[in-house]
Amino acid sequence: MFKKVLIANRGDVALRVIRACREMGIQTVAVHSTADAEAMHVRLADESVCIGPPAAKDSYLNVPAILTAADVTGAEAIHPGLGFLAENARFAEIVEGHGLTFIGPTPAQIAMLGDKIQAKQAALKAKLPLVPGGTELIGSVASAQRAALAAGFPVLIKAAAGGGGRGMQRVERKEDLARAFEVATSEATAAFGDGSVYVEKAIDRPRHIEVQVLGDGKGHAVHLGERDCTVQRRFQKLIEEAPSPVLSPEQRDHVGRLAAGLAASIDYRGAGTVEFLYAGGEFYFIEMNARLQVEHPVTELVSGVDIVEAQLKVAAGVGLDLRQDDIRANGHAIEVRVNAEDSITFAPSPGTVKLFHPPGGPGVRVDSHMFQGAKVPPYYDSLIAKLIVHAADRTAALARMRRALDEFVIEGVSTNLNLQRRIIRSSDFVANTIDVVWLERWLAA
Amino acid sequence: MFKKVLIANRGDVALRVIRACREMGIQTVAVHSTADAEAMHVRLADESVCIGPPAAKDSYLNVPAILTAADVTGAEAIHPGLGFLAENARFAEIVEGHGLTFIGPTPAQIAMLGDKIQAKQAALKAKLPLVPGGTELIGSVASAQRAALAAGFPVLIKAAAGGGGRGMQRVERKEDLARAFEVATSEATAAFGDGSVYVEKAIDRPRHIEVQVLGDGKGHAVHLGERDCTVQRRFQKLIEEAPSPVLSPEQRDHVGRLAAGLAASIDYRGAGTVEFLYAGGEFYFIEMNARLQVEHPVTELVSGVDIVEAQLKVAAGVGLDLRQDDIRANGHAIEVRVNAEDSITFAPSPGTVKLFHPPGGPGVRVDSHMFQGAKVPPYYDSLIAKLIVHAADRTAALARMRRALDEFVIEGVSTNLNLQRRIIRSSDFVANTIDVVWLERWLAA
Amino acid sequence: MAMKIDAEAVRTLAALLEETGLGEIEYQDGERRIRIAMPVVQAPALAAAAPVMAAPANGASAAPEGPPAGSVPSPMVGTVYLQTGPGEPAFVKVGDRVAAGDILFIIEAMKVMNQVPSPRSGTVRSIEVENGQAVEYGEPVMVVE
Amino acid sequence: MAMKIDAEAVRTLAALLEETGLGEIEYQDGERRIRIAMPVVQAPALAAAAPVMAAPANGASAAPEGPPAGSVPSPMVGTVYLQTGPGEPAFVKVGDRVAAGDILFIIEAMKVMNQVPSPRSGTVRSIEVENGQAVEYGEPVMVVE
Chain U
1 MFKKVLIANR
11 GDVALRVIRA
21 CREMGIQTVA
31 VHSTADAEAM
41 HVRLADESVC
51 IGPPAAKDSY
61 LNVPAILTAA
71 DVTGAEAIHP
81 GLGFLAENAR
91 FAEIVEGHGL
101 TFIGPTPAQI
111 AMLGDKIQAK
121 QAALKAKLPL
131 VPGGTELIGS
141 VASAQRAALA
151 AGFPVLIKAA
161 AGGGGRGMQR
171 VERKEDLARA
181 FEVATSEATA
191 AFGDGSVYVE
201 KAIDRPRHIE
211 VQVLGDGKGH
221 AVHLGERDCT
231 VQRRFQKLIE
241 EAPSPVLSPE
251 QRDHVGRLAA
261 GLAASIDYRG
271 AGTVEFLYAG
281 GEFYFIEMNA
291 RLQVEHPVTE
301 LVSGVDIVEA
311 QLKVAAGVGL
321 DLRQDDIRAN
331 GHAIEVRVNA
341 EDSITFAPSP
351 GTVKLFHPPG
361 GPGVRVDSHM
371 FQGAKVPPYY
381 DSLIAKLIVH
391 AADRTAALAR
401 MRRALDEFVI
411 EGVSTNLNLQ
421 RRIIRSSDFV
431 ANTIDVVWLE
441 RWLAA
Chain R
1 MFKKVLIANR
11 GDVALRVIRA
21 CREMGIQTVA
31 VHSTADAEAM
41 HVRLADESVC
51 IGPPAAKDSY
61 LNVPAILTAA
71 DVTGAEAIHP
81 GLGFLAENAR
91 FAEIVEGHGL
101 TFIGPTPAQI
111 AMLGDKIQAK
121 QAALKAKLPL
131 VPGGTELIGS
141 VASAQRAALA
151 AGFPVLIKAA
161 AGGGGRGMQR
171 VERKEDLARA
181 FEVATSEATA
191 AFGDGSVYVE
201 KAIDRPRHIE
211 VQVLGDGKGH
221 AVHLGERDCT
231 VQRRFQKLIE
241 EAPSPVLSPE
251 QRDHVGRLAA
261 GLAASIDYRG
271 AGTVEFLYAG
281 GEFYFIEMNA
291 RLQVEHPVTE
301 LVSGVDIVEA
311 QLKVAAGVGL
321 DLRQDDIRAN
331 GHAIEVRVNA
341 EDSITFAPSP
351 GTVKLFHPPG
361 GPGVRVDSHM
371 FQGAKVPPYY
381 DSLIAKLIVH
391 AADRTAALAR
401 MRRALDEFVI
411 EGVSTNLNLQ
421 RRIIRSSDFV
431 ANTIDVVWLE
441 RWLAA
Chain P
1 MAMKIDAEAV
11 RTLAALLEET
21 GLGEIEYQDG
31 ERRIRIAMPV
41 VQAPALAAAA
51 PVMAAPANGA
61 SAAPEGPPAG
71 SVPSPMVGTV
81 YLQTGPGEPA
91 FVKVGDRVAA
101 GDILFIIEAM
111 KVMNQVPSPR
121 SGTVRSIEVE
131 NGQAVEYGEP
141 VMVVE
Chain A
1 MAMKIDAEAV
11 RTLAALLEET
21 GLGEIEYQDG
31 ERRIRIAMPV
41 VQAPALAAAA
51 PVMAAPANGA
61 SAAPEGPPAG
71 SVPSPMVGTV
81 YLQTGPGEPA
91 FVKVGDRVAA
101 GDILFIIEAM
111 KVMNQVPSPR
121 SGTVRSIEVE
131 NGQAVEYGEP
141 VMVVE
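Protein chains in written order, with the working numbering: chain U, 1 to 445; chain R, 1 to 445; chain P, 1 to 145; chain A, 1 to 145.
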């Protein structure tokens with residue numbers, strides 16, 4: 001096992017990796033910007049190195065500074081956390097080129113999965129159901145029409161380089177296709193400097209269901225069950241749960257095997273997530289995230305598997321000592337993301353935390369880098385805590401989440417705790433009649 | 001199910017009951033002394049009633065005030081917590097006499113189990129192994145000699161009314177028995193106003209192993225496995241774990257069945273704990289505690305059963321929907337008690353908590369009524385937090401406990417956190433070469 | 001000349017501060033003046049910040065600190081009666097002169113009627129409760145001064 | 001006339017503040033008045049209270065706030081060299097006059113030697129690091145003023 005690991009991240013995920021390392025007897029090196037000099041990940045690491053000024057591009061995205069910090073502290077491996085450099089194939093390559101271990105997939109896997117078309121081709125090869133269309137770039141109105149007819153209307157025209165809904169056109173009828181193709185191409189060029197687009201079937205009001213996988217990098221992979229992340233606002237997940245309340249045991253088994261099959265087929269190394277849209281009883285592969293996910297704790301609570309420990313073991317060459325038959329889902333888990341943003345306006349609220357009182361008691365887990373006096377800098381994302389509950393079933397988990405949210409007190413910065421309290425109590429969420437755009441409709445109502 | 005429950009207690013146990021009630025949709029009434037007007041159990045209850053001045057005898061032991069509080073708030077049931085009135089048969093009787101439900105065993109069960117001789121006779125009837133001797137009061141030196149020879153030297157002469165080691169004489173040889181009998185009788189008279197004594201075999205350097213049971217009050221009872229509470233100082237438990245690291249699966253099953261058998265044989269109602277000494281591969285029944293136990297969370301984490309919820313269900317007549325075959329032990333749990341007392345001198349440290357930062361992350365549960373600004377009054381016990389960890393096995397649980405203890409910060413009052421950090425790292429505790437007087441030897445060394 | 005610190009006076013004031021539950025004391029004697037204050041307590045913020053944390057029940061805040069001077073608190077939790085029975089006259093009304101030992105009200109607890117006498121002679125300045133209302137231990141019932 | 005600070009009185013009051021757990025003490029004797037208060041910021045206490053929470057590594061505290069005036073911080077994390085090579089003379093030594101743009105030291109990062117010029121003309125007042133030491137971003141290396 002590693003003696004010393006550098007964590008190239010901040011916030012709750014850096015703390016999560018430090019906690020795993022401490023429990024495994026691994027020394028930790030925190031890197032940080034000047035804005036995070038007093039942050040929890042700096043306090044709890046065995047060593048820390050200031051790598052730059054507040055702007056992420058000069059600190060948490062500053063590859064030479066991070067590698068130099070690893071050099072001067074003698075770290076053997078780098079955990080990228082999530083966000084920042086976690087899915088940067090070039091970074092992973094440089095880390096390995098320096099003789100250090102990158103705790104994550106291979107650079108080639110990151111690059112392949114980061115390319116939508118390549119990822120879909122890999123999924124197709126592993127016999128995963130895709131959204132019809134979308135496997136090749138479209139260069140003309142004529143080929144857009146062929147692709148749309150094959151996929152079936154309504155379709156979406158999407159920018160190959162896009163994401164988060166930008167550069168996307170929805171087309172209901174054949175007659176509107178030509179004009180939408182022009183708009184999408186020019187918008188994509190303007191937004192991303194790359195006018196490549198593709199056409200796929202529009203899946204209306206789907207749920208977002210994703211499967212956590214672990215691979216040993218040598219063709220063995222398991223899945224830890226699925227997560228349902230359907231409560232989203234502007235493509236940002238707000239609440240995640242496991243298992244999905246809408247799947248039958250057969251569907252659960254089926255989608256899990258599909259995801260593990262994809263991971264095994266590409267010799268996937270470490271932890272990853274295979275994401276699907278789910279509508280009308282069908283799954284549609286959308287992408288595979290080549291990293292740890294914010295919502296990994298719900299899977300940890302239900303499966304009993306420590307995902308970060310597994311990442312470290314695979315990276316250190318200890319291997320993956322899990323067989324699919326060892327993994328049993330137990331109970332129900334729900335996570336809410338607590339963001340430093342207003343519950344009504346969603347305005348970010350950086351500042352100093354004056355009071356931080358997390359909930360406790362049975363079945364409650366809090367992953368947070370906050371403390372009394374902690375600073376929430378304006379430079380990074382607004383996630384300040386994850387509250388995760390575990391109980392025997394969904395009804396009990398909802399009751400536990402209500403009581404835990406009611407105990408949670410944060411002062412000094414505005415938070416979305418009140419919004420989360422409302423969502424958890426909403427009849428739509430309780431009854432599960434939601435889809436990925438439900439929250440926006442509900443907020444507007 | 002109850003609509004409203006009054007909790008006749010304070011501190012972490014009152015909070016524990018409130019949490020269970022909130023999750024079950026039951027309204028809660030907190031009672032409190034003037035010293036606890038700002039306490040967490042008062043803040044989190046739906047209603048609260050100040051029942052008296054700080055002294056426990058005028059507030060938390062004030063039966064008329066507690067019953068009046070139930071009257072004026074319309075509570076249907078009273079949960080006594082632990083300590084205070086929890087094992088007071090007369091209180092349970094008065095509660096039931098007022099047409100309220102006592103959430104605990106029947107008054108007769110409390111009275112019977114509170115009498116050492118009666119409890120041992122019940123255990124004998126249920127075929128539990130007893131410490132040899134001790135089933136009858138000894139009135140003369142001659143009968144003391146007969147009892148000692150039957151039990152086998154060394155023996156202890158104990159006061160029937162005693163507890164906590166007071167009024168106890170150890171006798172190695174027959175020749176010393178007469179004098180020890182006189183001393184024990186006169187000490188018992190002086191200390192308890194009752195000179196009754198009994199003779200039992202001295203069990204040297206035992207471990208303390210106890211079994212959590214649940215009974216439906218109608219002859220059905222299950223056990224949730226055992227707890228090992230061997231780390232004690234002056235008969236006060238400091239660390240508890242489940243399962244016991246020294247039992248084989250066969251022994252575990254054996255002692256569990258014994259305990260559940262006793263509970264079933266007396267139609268036990270609710271949650272209780274059957275306590276044993278364990279030495280030389282043998283179990284010796286010592287007593288049965290007719291209440292919730294401080295250390296119940298380790299059993300909850302390992303068994304997955306919510307013990308307080310089970311108490312409420314049995315009391316409300318919903319019954320006990322658990323069969324022994326449903327209950328599976330999963331992983332290993334350890335609890336440390338965090339007391340407001342100095343780590344070296346053990347001096348209590350009442351005061352105001354200036355900073356309270358509990359640990360978080362995977363496998364960590366904190367049950368605590370503390371918060372920034374909370375008062376630790378000098379009038380009650382010094383327990384301010386329970387830190388409980390759960391992991392796949394004991395080694396992983398120890399690593400998790402080390403890292404969680406290292407994250408825990410409490411300022412404003414002295415705590416025993418540093419002592420607990422030392423114990424958890426001590427080679428004796430790690431290797432398990434301990435007994436109930438180990439801690440005192442280790443502290444003196 | 002070094003300033004002579006009267007440590008005993010500060011300690012005495014600190015003890016008074018603790019005892020009285022005040023936030024601050026400023027004490028001047030001739031040219032000597034001492035002012036002491038409690039640390040800034042942030043505890044009430046906890047409740048204030050959590051709208052779901054319920055306030056103490058029964059209308060009355062349970063904190064019996066700093067009642068008005070002359071306050072007569074309830075000696076126990078129970079139901080307060082201001083008269084001996086329905087239709088009967090009240091024991092006292094605002095403006096009445098009372099002697100120490102005169103009955104002011106009754107607290108019913110556990111079916112027992114407990115008569116509460118006036119702790120002092122004076123005038124009934126106010127009655128803080130309704131007839132038949134539940135009161136907590138220490139909750140002000142009347143002001144007599 | 002310079003004010004004579006009665007340090008012993010302040011120390012006595014500070015000890016009393018600590019002893020009593022007060023937030024503030026103001027003490028006046030005749031024309032002399034002393035007021036002391038506990039700091040309001042409680043954040044640093046977290047690290048102080050947890051002996052197991054490690055201090056930032058590499059000897060240097062990572063908080064580059066308030067360096068001495070004239071401080072020349074390291075522009076990046078790396079290894080500092082005060083000379084071009086072993087046995088070579090140092091770029092500068094304490095007491096040297098330097099012009100803005102003169103090389104003060106080198107930071108090696110990623111096998112690249114980065115020359116760091118003086119940001120101003122002045123005198124080298126101190127050198128805060130050892131040759132070959134690792135430095136963080138923003139860590140003071142020299143004082144030039």
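Errors might be hidden in some of the hints.
What the hints assert, rightly or not - Here are the simulated BS3-like cross-link-like pairs (lysine-lysine), alpha carbons at most 30 angstroms apart as the crow flies:
#1 Lys-57(R) to Lys-127(R)
#2 Lys-93(A) to Lys-111(A)
#3 Lys-57(R) to Lys-93(P)
#4 Lys-218(R) to Lys-174(R)
#5 Lys-4(R) to Lys-111(P)
#6 Lys-3(U) to Lys-111(A)
#7 Lys-4(R) to Lys-127(R)
#8 Lys-237(U) to Lys-201(U)
#9 Lys-375(R) to Lys-354(U)
#10 Lys-375(R) to Lys-375(U)
#11 Lys-4(U) to Lys-354(U)
#12 Lys-3(R) to Lys-201(R)
#13 Lys-375(U) to Lys-354(U)
#14 Lys-57(U) to Lys-93(A)
#15 Lys-237(R) to Lys-201(R)
#16 Lys-4(U) to Lys-111(A)
#17 Lys-111(P) to Lys-3(R)
#18 Lys-174(U) to Lys-313(U)
#19 Lys-375(R) to Lys-127(R)
#20 Lys-125(R) to Lys-3(R)
#21 Lys-111(P) to Lys-93(P)
#22 Lys-125(R) to Lys-201(R)
In case anyone wonders, no lab produced these hints; they're calculated from the structure. Values in this document were obtained by computation on a predicted structure and should not be read as measured data.
task = List in ascending order the numbers of the hints, as given earlier, that are violated by the structure.
result = 1, 3, 4, 7, 11, 12, 14, 18, 19, 20
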